[in-house]
Amino acid sequence: MIRIFFTIVCLLLPVIAGAVVADTTTQDTISALILSPDQIEMGTFYHGANVQVSADIPECESAVLVLKVGTEEMTLNRKGRVAGIWLNVAQVTVQDVPKMYLLAASESLDRICDTSIQREMQLGVAYLRSHIHFVSEEPLTGSEFDEFMKFKKENGAYRMDLGVDLSPAEPGRLKLSARLPVPPTMPPGTYEVELLCFRGGQPTASASADVTLDRVGLARMMVDLAHDRSALYGILAVAVAMVVGLVMGVIFDSLPGAGH
Amino acid sequence: MPSLYIYLPVANVSVHILVLLGLGLLVGFLSGLFGVGGGFLLTPLLMMIGIPPTVAAASDANQIVAASTSGTFAHWRLGNVDFKMGLLLVMGGVIGGTLGVQLIKMLRAAGNADFVIKVTYVVMLAIIGSYMFQESLSSLRSRPLQEARTKSAKPSWFARCCEALPFSMQFEKSGVRMSVFMPLVLGTLVGVLSALMGVGGGFIMVPVMIYMLRMPMHVVVGTSLFQVLFTCVVVTFMQSYYNHTVDLLLAVFLLVGSTTGAQLGARVGSRMKADQLKIVLAGIVLLVMVKMALDLLLPPGTLFSYQGGH
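These protein sequences, in sequence, are chains A and B.
Read in my numbering, the first sequence has 35 at position 35, and its numbers run on one by one without any break.
Position in the second sequence (from 1) plus 1000 gives the number in my numbering.
Calculated from the structure, these hints are not laboratory results.
Note that this is a predicted model, so its numbers are computed, not measured.
Using N, Cα and C, we set each Cβ at its ideal position, and we do this for glycine too.
Some hints here could point you the wrong way.
Chain B regions said to be covered by chain A (calculated; three or more residues, Cβ under 8 Å) [stated by the list, open to error]:
no. : segment
1   : 1003-1009
2   : 1057-1068
3   : 1090-1103
4   : 1182-1193
5   : 1209-1216
6   : 1236-1244
7   : 1295-1301
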């Protein structure tokens, strides 16, 4: 009897072990990260878009969604007070600036993980502070980063909001849903939306999906013309303006009460 | 229901259609009323609604082409455009603009360009605005007395200097006779100031035509618009060709508003007395001056700004 029981256990052991391994893999993996829509058309009446994000994620304490748009170098004027008057006193070159930075989280980043993890995982203000550099021929004042953040937020280029909802799904899993507002100023291109799950201040799982913005119709035609046939575009711009000006002139001239 | 927002592909921003039409209407009205291009007003307004500065300035020039075509046409039909004077002012403006750009380079190298530009702007606006306001007000109050005084007064030193200049020419439309150097030199000076301040210069040119070239107010407006049209055609083409910063869609919406506004402005202007026109323009110039002075004195929202703005 003992021998039969031992044989059965031995036969079942690999199956049980396999099941445990498979279950562990599923538990730590983010499945079905879906962006809706994942193709955004920038047409004549485009005014930004809301991307709905949903995912099936392993049980965790918090989650963060990030969308970054390339880096660039910007040269800006910095104002200062001279004899009571606010003037542009220096040109500051800002290096390694993400063109756009959108972040949504289930709670504040400082409660999710410490700043060293934030920097490492390229999250939030801590990351931007360590990443962005200021260069100027004039002495730097130390307030450049805070002022720059104000400038970018005013332009709508940087947004860091709460707005990720986590709700229980099947045992050991959570359902994530969020709304990622894409501002109308986001340039066309394909961008990666990264999802990170955190437990105990450490990232435990991650996944990514792409969203593509593309100009279509008249908007695309105009930008192509402006860049590829700039002389023709210039002549067209002047001609359209003059014709509209003249047509309006003639229309108004023919109206009753036109003075002569 | 379709969105009332329009996506401007070159500027890469989305703006409410009524905002663009309203801005165009306002600036076009001022343009038709006073003969100013309106760039000094519209470019900062466009920047305030989120248009990048380079696109705002270039597209503004494009819409001014329409507004000034419409306005010039309206004033030409009314017989208010002195083409001879306008062409001389344009030539002076081109020379002055070129000199002004070099002057800015020198000031920047000396490190105090910004200070000089801003203070010049405020002082110029204050002088022009106050003088026009005071003169128009006193003229409105005591017109017959002033006319009698003007007729009996001896010519000023400035008038005597002008008369002494060679190459005298008759400007029939304006009803004045003066040396060709007068519009050329004054056009050059306005061109220098325009380049320094980064504006079309209509609001400086108009007082110059009234007080220094002694042109009648209604011819001033038409002729100024003609000069503005020339300048902005060149600027639009250059900006399109070299910088790709003209947003035609933005310009079209602005110009639909501005051409309508320009026609309304021309009509209202033709029903107003010259002194009434001057006093309203003086009020606007003074308002812009006060706004600029406050910008200089009050702490800004953020210490950073794009290059190209004032």
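Verification of the hints:
1. 1003-1009: Holds, because 5 residues of the segment 1003-1009 of chain B bring their Cβ atoms closer than 8 Å to Cβ atoms of chain A.
2. 1057-1068: holds (count 6)
3. 1090-1103: Not satisfied, violated; 0 residues make the cut.
4. 1182-1193: violated (count 0)
5. 1209-1216: Per the Cβ count (0), the hint is violated.
6. 1236-1244: holds (count 8)
7. 1295-1301: Our answer is that it holds, as 7 residues pass the Cβ test (under 8 Å) against chain A, meeting three.
Comparing the model with each numbered hint stated earlier shows that hints 3, 4 and 5 do not hold.
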